[in-house]
Amino acid sequence: MPTPLAAYVVAQKQAFVAAGWQVVAETPFVTLQNAPGTRLSLQGNLFQAPLKVHLYFLDLTDRKLTLTCSGNDPDLLRLCQASALTLQTPNP
Numbered sequence: 001m002p003t004p005l006a007a008y009v010v011a012q013k014q015a016f017v018a019a020g021w022q023v024v025a026e027t028p029f030v031t032l033q034n035a036p037g038t039r040l041s042l043q044g045n046l047f048q049a050p051l052k053v054h055l056y057f058l059d060l061t062d063r064k065l066t067l068t069c070s071g072n073d074p075d076l077l078r079l080c081q082a083s084a085l086t087l088q089t090p091n092p
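For the sequence shown, our numbering begins at 1 and goes up steadily by one.
Since the hints were derived computationally from the structure, they do not count as laboratory data. Possibly wrong hints are sitting among the right ones.
Restricting the straight-line Cα-Cα distance to at most 20 angstroms, the calculated cross-link-like pairs of lysine to aspartate or glutamate (EDC-like) are [unchecked claim]:
no. : residue 1 : residue 2
1   : K52       : E26
2   : K13       : E26
3   : K13       : D59
Computed spacing ranges between beta-carbons, pair by pair [stated by the list, open to error]:
no. : residue 1 : residue 2 : range
4   : V30       : P50       : 13 to 21 angstroms
5   : P36       : F16       : 35 to 43 angstroms
6   : P4        : Q48       : 34 to 42 angstroms
7   : L32       : H54       : 13 to 21 angstroms
8   : A49       : P4        : 29 to 37 angstroms
Every residue, glycine too, gets a C-beta built ideally from N, C-alpha and C.
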């Protein structure tokens, strides 16, 4: 049976793929505090501009998900980074 964090990563990955994003990497990592995590890198388009999104799923007490973005459109990147605040989700 998957851990709650692993199940959360799978659900988020399925949602992004269903929305047309392509998974380009899925990498486990451990934080300096020895908390397990997974980085999910996705490639897609937002407002018809290419964008790469990196989702960091962390099993911490205050959140499970943070987001970073990379791309060539500064306006799109500002929008994406502003969205990062709304994607931080408290642990149940």
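Here is what the structure says about each hint:
| no. | hint | result |
| --- | --- | --- |
| 1 | K52 x E26 | holds (13 angstroms) |
| 2 | K13 x E26 | holds (10 angstroms) |
| 3 | K13 x D59 | holds (16 angstroms) |
| 4 | V30 x P50: 13 to 21 angstroms | violated (31 angstroms) |
| 5 | P36 x F16: 35 to 43 angstroms | violated (21 angstroms) |
| 6 | P4 x Q48: 34 to 42 angstroms | holds (36 angstroms) |
| 7 | L32 x H54: 13 to 21 angstroms | holds (18 angstroms) |
| 8 | A49 x P4: 29 to 37 angstroms | holds (34 angstroms) |
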